[in-house]
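The number in the numbering used here is simply the position in the sequence shown, starting from 1, with 34 added.
If you are wondering where the hints come from, they were derived from the structure by calculation, not from laboratory data. Just so it is clear, the structure is predicted and the values come from calculations on it, not from any experiment. Note that the Cβ used here is the ideal one computed from N, Cα and C, for glycine as well. Check the hints yourself; a few may be wrong.
[Unchecked claim] Okay, derived cross-link-like pairs now, BS3-like style, lysine-lysine, Cα gap no bigger than 25 angstroms in a straight line:
hint	residue 1	residue 2
1	K252	K95
2	K227	K341
3	K439	K512
[As the list claims (entries may be wrong)] Here are the simulated distance ranges between beta carbons:
hint	residue 1	residue 2	range
4	K227	Q164	35 to 41 angstroms
5	R641	Q164	29 to 35 angstroms
6	I384	E781	24 to 30 angstroms
7	T318	S105	47 to 53 angstroms
8	I384	S652	18 to 24 angstroms
9	S652	R610	21 to 27 angstroms
10	T318	E587	25 to 31 angstroms
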Amino acid sequence: MSRVRLVLALHDHQPIGNFDGVFEESYRTSYLPFLEVLRDYPDIAITLHTSGSLMEWLVAKKPEYIDLVRSFVERGQIEILGGPFYEPILASIPSRDRIGQIVAYSRYLESLFGQKIRGMWVPERVWEQQFTSDIAAGGIEFLILDDYHFRAGGLRGAELRNYYLTEDEGKMVALFPGDEHLRYLVPFQKPEKTIEYLRQVADERPGCVITFGDDGEKFGSWPGTHESVYTKGWLRKFFDLLVENKDWITTCTLGDAYENVAPMGKFYAPDCSYREMTEWALPTDRQQELHDLVKSHEHDADWPQFKQYLRGGFWRNFRVKYPEANEMYCRMLTVSDRLDAMSRGDLPVIDEDFLSEARTHLYKAQCNCSYWHGAFGGLYLPHLRNAVYTHLIQADSLLERVAGKTGRYAEADAGDFDLDGRTEVRLTTDRLVAFLKPSRGGHLYELDIRGARHNLLATLDRRPEPYHEAIRNHEANKAAAAALHDEDTHAHHKGDSSHGGTIIPPSDDEGGAVSIHDLVVFKQPDLDKRLGYDPWPRKSLVDHFLMPGLSVEEFRRGEGEMGDFPLGVYETTLRRSEGRAEAVMSRTGYLTRFPIRVEKVVAAISRNGSLEIKYGLSDLPPGRPIHFAVEFNFAGMAAGQPDRYFYDAGGRRLGELQETLDLPETDRLGLVDEWLGLDAAVELNEPAGFWTWPVETISQSEAGFEAVHQSTVVVPHWEFTAPDDGQWSVTINLTLDTSAAQAKQLEEPAAATVG
């Protein structure tokens, strides 16, 4: 009888910044029950990877789980995989940080479990061949990629078994192909289906190794899986079948296979990830084209032959698809570069004690989930983006201390801070860091508040996504069904069978749960009515000349713009004085057919940690009505909570931060987030009306389609008649009180470092 070796490799992960309740729920529904079942099957061996962010939580909150894993390790039933500590995409971080994270996590795991770390999990299986030498330098001997990588490189069928050797600059690593078909069988089809497939594999290539590598959360945490895997007993049935067929199925770890089975040969994997990830990395319209192409040909007789040559996009292009991901990436690089220069002695170091702590915050900020978007929320989840910036700001502030910067200071410098080939401006004080983009409207695109450890402009634009069409189609189909039902009711007097705003995920006819990739669930009704797209980035200091009498709802829809300033190019000079750093930006543009000039001077002031913005308009057409507005966005200050609210000049509450407001003229509007400990206010020397509204994206997550609050728009706007000299000016102060946040931080325990 033909035999087969089966590697079961599980990857458990929760991102930096995720809610504690999500960690707890995943532990209760997935991580713990899986091991409790495995404990009853001592002959079944698995390979287990747990990301560092999750492992640190388990060590702190669930020490009994660590003891349980250690007991499996000691009897040889579990092999521990390493990898980069905080689960960064390897393509998103410098080589030095790849090696540093891998080495740091291996040391941590070896001290925790007493097992030498030889293999690793590649985050999201995003692969580029040059990673090989970094991985080998980190002490790793073998890893898992998807069989999709190997198919893209020209292999197929029985060639996708065992493992291959690869090299870069003479450094070698073994690559195991993770079987895609197994990923869709386990645990979504009857266990017998997996055994049948393994029989087929064994007959095709007797004695081979087949590898299953996928998320551990699919065993209980993904929607519907806890009931199928545990309550209905899928996992026990599967393990029972493995035991019943142990005469020809041997479960083994990656290390066992590496030691006892010869490699298939040498292979250089092309740059890619798992199939779905390559699709998500494409621009939205190309993603839809690929989907349609597959649908139109997947039943063709020759589809199996040519599908492996049909490839999606390249992971790094997420930074093009989502500029917000690029902003995080570039900010991370500036911190990493500075830390590296200090570590090597290229920059002066006054106090080295904080370098290790800064490195830990940098590594945490490299956690991958916020840098891309697919079937999970990822980039669309504000709390994950906020966590990235929290750690970057902490690292940056620590490096300021390493450099000996104490007391009050203010600096201004220029450079290509977002790697687009154009020059940006950075204003730095002991209280804040502000990034300005003269080449795009003179926008303020990042505002890091040191005291609150918060980027007030970690915004996200509303943009088309492929699944938005599914939302529209669902609502259209529901409306059509309702119309038919009304006709039927009129004719036959039958009752209503509508299920409201949610498509219930279909049950699998094989008795398992439905794959997360096939779920169609609506978490809120009427999402199609909330779809909308932003004509300019949701940043601050976006300059608008509007139609006189324009309403807040019209402007919210992107109507009424009469100037070319929101995305125009501004000329810039820098100025610095004691405790003050300034960027002077100016532009001659058009208000309809009239050329006018706008100058805005943005000053970062160390004394009070505020931004002062002075606007000067000139060459206005005398006697003409002018409607000038300056758009601000405030991100990370949550909506729908009573402790996050607006207040007026008299300190009176005006409603929560998701409110749409149309306020009469006033000289001050404040926003408070008590949980964050931040009180921000827009103060004017020339009273203005204020508009506010929430920016909500409609996005896809593992739980379904949902509306997510991204930022609060605040727009002071002035309507006046242009004076005879064509001149008008206003001064805006953006004040930032972080005293409550700093008081909370004094109560925090000291953070551990990763070395």
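Okay, the hints, checked on the actual structure:
| no. | hint | verdict |
| --- | --- | --- |
| 1 | K252 <-> K95 | holds, 22 angstroms |
| 2 | K227 <-> K341 | holds, 23 angstroms |
| 3 | K439 <-> K512 | violated, 61 angstroms |
| 4 | K227 <-> Q164: 35 to 41 angstroms | holds, 39 angstroms |
| 5 | R641 <-> Q164: 29 to 35 angstroms | violated, 48 angstroms |
| 6 | I384 <-> E781: 24 to 30 angstroms | holds, 28 angstroms |
| 7 | T318 <-> S105: 47 to 53 angstroms | holds, 48 angstroms |
| 8 | I384 <-> S652: 18 to 24 angstroms | violated, 46 angstroms |
| 9 | S652 <-> R610: 21 to 27 angstroms | holds, 25 angstroms |
| 10 | T318 <-> E587: 25 to 31 angstroms | holds, 27 angstroms |
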